[in-house]
Amino acid sequence: MTGSFSSLNTALTALRYHRVTLDVASNNVANAATEGYTRRRAVGESLGAGAVPALWSRYPDGLDAVGGGVGVKGVDRLADGLLDARSRSENGRSSCLQLRSTVLQRVESGLGEPGTTGVAAALASFRTSWHDLANTPESGAARGQVLARAEALVDAVHAQAAAIDEESATQRVSLLSSVTEVTTRAGELAATNRAISAAALDGVDASDLLDQRDQIAMRLAQLTGGKAVTRPDGGFDFNVGSVALVSGVQAGTLSVATGVTASGAADGNPVSLTVTLGATTTTTGALGGEIGATTELLDTTLPGYASGLASVVEGLATQVNGLHTAGYDATGATGQAFFTFTAGDAARTLSVNLTSPTQVAAAATPGGVIDGTQADRLAATGAAEDAYTSLVTGFGTTVASAQRLSSTQDLLTKQVDSAREQLSGVNIDEEMVTMLAAQRAYEAAARVMTVVDSVLDTLINRTAR
Amino acid sequence: MTTVRVTQNMITNRSLSAMQAAQARLAVSQEQLSTGRVVNRPSDSPTAASVAMRFRSAASQQESYVRNADNAMSWLGTIDTTLSGMSAGVRRARELGLQGASTGTTSPAARAALAAEVDQLKESLVSQANATFLGRPVLGGLTPGATAFDATGAYVGVPGQVSRTVADGVKVRVDVTGTDVVGPNGSSLFDDLETLSTALAAGDDTTIRSTLASLETRLTTINTVQADVGARYNRVEAASQTAKDSIITLQTRLSEVEEADLPATAVKLQMQEVAYQAALAATSRVMQPSLLQFLR
Chain A
-5 MTGSFSSLNT
5 ALTALRYHRV
15 TLDVASNNVA
25 NAATEGYTRR
35 RAVGESLGAG
45 AVPALWSRYP
55 DGLDAVGGGV
65 GVKGVDRLAD
75 GLLDARSRSE
85 NGRSSCLQLR
95 STVLQRVESG
105 LGEPGTTGVA
115 AALASFRTSW
125 HDLANTPESG
135 AARGQVLARA
145 EALVDAVHAQ
155 AAAIDEESAT
165 QRVSLLSSVT
175 EVTTRAGELA
185 ATNRAISAAA
195 LDGVDASDLL
205 DQRDQIAMRL
215 AQLTGGKAVT
225 RPDGGFDFNV
235 GSVALVSGVQ
245 AGTLSVATGV
255 TASGAADGNP
265 VSLTVTLGAT
275 TTTTGALGGE
285 IGATTELLDT
295 TLPGYASGLA
305 SVVEGLATQV
315 NGLHTAGYDA
325 TGATGQAFFT
335 FTAGDAARTL
345 SVNLTSPTQV
355 AAAATPGGVI
365 DGTQADRLAA
375 TGAAEDAYTS
385 LVTGFGTTVA
395 SAQRLSSTQD
405 LLTKQVDSAR
415 EQLSGVNIDE
425 EMVTMLAAQR
435 AYEAAARVMT
445 VVDSVLDTLI
455 NRTAR
Chain B
81 MTTVRVTQNM
91 ITNRSLSAMQ
101 AAQARLAVSQ
111 EQLSTGRVVN
121 RPSDSPTAAS
131 VAMRFRSAAS
141 QQESYVRNAD
151 NAMSWLGTID
161 TTLSGMSAGV
171 RRARELGLQG
181 ASTGTTSPAA
191 RAALAAEVDQ
201 LKESLVSQAN
211 ATFLGRPVLG
221 GLTPGATAFD
231 ATGAYVGVPG
241 QVSRTVADGV
251 KVRVDVTGTD
261 VVGPNGSSLF
271 DDLETLSTAL
281 AAGDDTTIRS
291 TLASLETRLT
301 TINTVQADVG
311 ARYNRVEAAS
321 QTAKDSIITL
331 QTRLSEVEEA
341 DLPATAVKLQ
351 MQEVAYQAAL
361 AATSRVMQPS
371 LLQFLR
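In order, the protein sequences belong to chains A and B.
The letter at position 264 of the first sequence is residue 258 when you use our numbering, and the numbering goes up by one with no holes.
Going from the second sequence to our numbering is simple: count from 1 and add 80.
Looking at chain B on its own, in the form it has when it is part of the complex (with noise of 0.2 Å):
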């Protein structure tokens, strides 16, 4: 459209209209400095704010997944202890057994010595089994009890399993039932204890004999659940490690996708800067003359 006449009406108001888009231009990015962010709000990107949303969103979910193995980790670390403790209880009493069981080395009152320390192990092997993480019974499985073996070493748990997720549709069992350790009630570890402390007491030879095989058996059964505990250990650890990379990944990539560029964001800024006092500028050489000003 070519110009014919021009009003002083026509440069006020382009003026002005000049002045304010380049206002607007300012304030917009003095917003994204002052926010730090390019997506104030999703009509400023909407593609960039639905994979923000979706990031924060992931980010969450695997700041979950890193608290969950945290948690895995320390019942199955608390389990790990427990399962070396009472591995090395039961090789103490498998020790004292032989020690009975050498005939003609042992009297009767050193016997009846032997049975009070074999006594003693089974009731710190019961206390070990109960160790608890966080008020709970970790052989205990899903018991509302305090306890998983009550004083005579009898399973008085619930079993069933306890799992954490620690990463999307991967769970994992953190507990061990008291059962698969010790065996079941009336043929278990603690009951295998007591018959030889009934036996050292007694000098029955052949049953000392027998539980000596037995409890070597309960030594194998305790180690290969600990070397089961210590493999979940690694694979919770492997996925926590996963999360946590993850989370950082994905903050990088909010980062990009959300946050303003300072030092571009500043230069822009100075350049509109510069533009809106050129407006300005013009405006007040522009509004300035008029005829009037040359009349006399």
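With the rest of the complex left out, here is chain A (with noise of 0.2 Å):
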């Protein structure tokens, strides 16, 4: 034994060591159910052990394995950069999958088909009113229910037309903010970015800031599906649609170039974005995420069933107009146009174009008389139904295969967080063994003292008498 104290000494770097090893075990149960928490290890290592032999070994008898105590090696942060990489990915496209599946699904239940309401109840009671009028073209009455009817028609497809409307105007006041978001959080990574480094520089525990790193990371892929590229002092550079969002300690902007105006309104062209980062503006490429999933509905989906109700609307005015222009009237005159509409937007500006029951051409022969020829034919228009059916039952199977596609990418995603969650999570069992297992050990270390105390009493105190 070189010095007496050394022991003490020893016991006294277990102390430390392990009052270390309770402060990390009591933080991660403290963050047990923290969102985004990477729970972390006290990481130890012997000291004194020297592997090189020196001339002032304490044990020249070749007793070297005995070390000096305990030291703390570093506090470890139990997260995979792979897995975290892939977690982002799956995330971004769970985000875009979910978000195209519920809008989706709310307009698929504003169309209220099939069912007694709608449009294609509206369609069937307007061809069964020129069946009524065919059979009692001198009633009034029969006259006039054809103009309700054609009204309640009107008021149908409008209403469509309208919930359409409304949804994209959702989707872009929608996609506005998620772009102000992007911008806001790639500005908070730029200075995350900034806080490791110089936490780098220090020296200092950067634990939290990389969690905090994470966090930002994946909730800037749920938003664009981008991608994070780790830097060497462990910042993140941030790259949405292959451009470059956030490059170190700079921030860039994401904007709407095309397709949305500042006040949500349409501009008429597809959506594109652009990011400013510095001084060059460069558009991107074709996003994932939440902004991938709006634009995608702003651009193709909603437009496309619009314009399908639209064209389904136009062919069923065209073939009444025909028919009926070639009719008469109740007194005898020619038959005008029956539907008003523009050209292209049949939809939304549909209306009838008739104001009084007389005008409703039910006479094949003109002269005023008492004819239901043209009424007869007339309802017998049913192409306009059997196109509508099949615009519905065409968007119900998209609907169908965005909420398939969404719950497979669902427990992807699931099982990918759970991996993450296997390696980074806390387990207070673990953690309260941990405890254990250092407070017993602190035990020990304070006993060793005890034990020193006693031997050195011995030495000093009572063999001097």
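The hints are simulated quantities; they were obtained by calculation from the structure and are not laboratory data.
Hints may contain errors.
Stated by the list, open to error - Restraint-style ranges between C-beta atoms, simulated for each label pair: (1) S448/A - Q373/B: 35 to 41 Å; (2) A358/B - R35/A: 32 to 38 Å; (3) R365/B - A79/A: 48 to 54 Å; (4) S401/A - A346/B: 24 to 30 Å.
Cβ coordinates follow ideal geometry from the N, Cα and C atoms, glycine included.
Using the hints, build the complex out of the two chains.
Printed below as a string of structure tokens:
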């Protein structure tokens, strides 16, 4: 034994080390339910067992294996960069599909098909009213009924077109707010990058900053489906649509270039986004995440359904007008156009042109005779109903496939997240065991102190007598 | 993927998502039971939704055909009654003519009485020929007026066909043009009666006999038309029955496609309820224990 007090020092290092272990465990327990927290682990190393034989080695007889205690090597943050990257990309895809599926389901339930209300029912009752008029062409009531049913049909079509427009408007506003959020988050990520780099220089533990960095990157991935690239100093660069949004401590601004005006109105163009980083502005490629879903809805799905509806309505109005202008009304005059509409935008602009029941042209022969032949021909117009059915069921197929994709992706995302949780999550039992071990080791080290103290007591106080 | 470590958060998340999935399945069964339908929106089953919409549209079409057929049967029924009445009237006129033609048995006063009755008969026949259904003279074609014949028995209707669609592409004529029954203006049934009345009053046997022959032909014409009307009535009745049958078929198939099988759905709901309760129980058991409870 080279020094009388070295064992006391060894016991002291043990006390210190186990205090740190307890601290780390208590911090883990405290954050067991914290969103985005990655568990830590204190890593110890034994001190003083020099690998190189030294001149003043304390144990010349070769007992070098006895060290000088324990020290804290560091605190590990148990995260796997690859798993995190995978989780971000799956979450980005998942939020894209989920948003798409949610919005499509909302639009679908607004259609009210199949059922006894809605456009299909209005089309059927419009056609039935022509049958009734064909049976009683002399009746003013039957003529009035044709007009009333036509108005009901126009209302149903308008309501559906308005529901689609309303959903588009909601999506435009949500696009604007998502884009703003991306810019804000990009700023936060750049600030976090700066703090991480400073912490690395100062040698301070950056675990909390890294947690924060991961959380911001996750949110950015959910919004844009973008990719994070780790920097040598531990920060993240972030790319959206193959364009750099965050580069080190520099944050770019994401903005809507075309498609949506600042006030949330449509400008008639497809949606395109730009990133302004420093002095350069670049148009991004296709985005994923929530913004990608919104863009796809605004550019393809919603306009697709709206134009499908418009062409069904235009087909009906053209057919009815064609037959109606070939007939003669109650006064014997040639029939006028039954519907008016703007070509290409029939669903929004459809309206009934006739103002009086006598203008309904039920007769195929002029001269004010009582004839329902033309009304009978008008009752045989079933093409619009078939076209509408295939439009609605086509949309139903889109919704069903979006739901399936979303639930499949959800399963995958959950699995990847669970793998990440396996590595990074806090297990309270495990922390209890760590605490218990630390507590016992602490007690043992304290015991070592007592023993050494009593040994020294024997030496100092009893041998001198 | 082998699970190496399990954390409390993993258990919580898995329990939550399992319970949510169980609840979502419950919600689907509950919706099917409370609405009574398995297809509540097109995405539930696009094929079934398409079939349902087509069936519904076809059923409304068939209902229109049934209404059209009812209307057609009323028209044809009215015409049938009218023609029966007219046929009886013409027969009576013939009897009167025969009485008048039996020479020697009839005095001038009796002939005058016969002539007066023929005049009455003519008036009654004109009014029968003006029979209406819902205000429209059934023998008047497309006329906007209220009568097919004026008081003198001249045809004032507008010739033209009144048809009803009683099945896909099947149109049945439901009217009879007045002149097809009584003959054209100038040589019509009413003109014959006029002649008969004049001849009876004057005792002109030759004219009476020729008119009697003419009335015989009229009677044949009326009976022929009546037979034709009866045939059309049968056609319409058959079409109406077909349409009614197809409505029932369509509704049955619609309910097969669209409606929930109640017992099966109820059993499914029961099973899902059990599964949900099991998920709840498992969660409460798994979340409870921790090493903390065993450390003193």
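Checking against the hints above, which ones are violated?
Hint 3 contradicted; others consistent.
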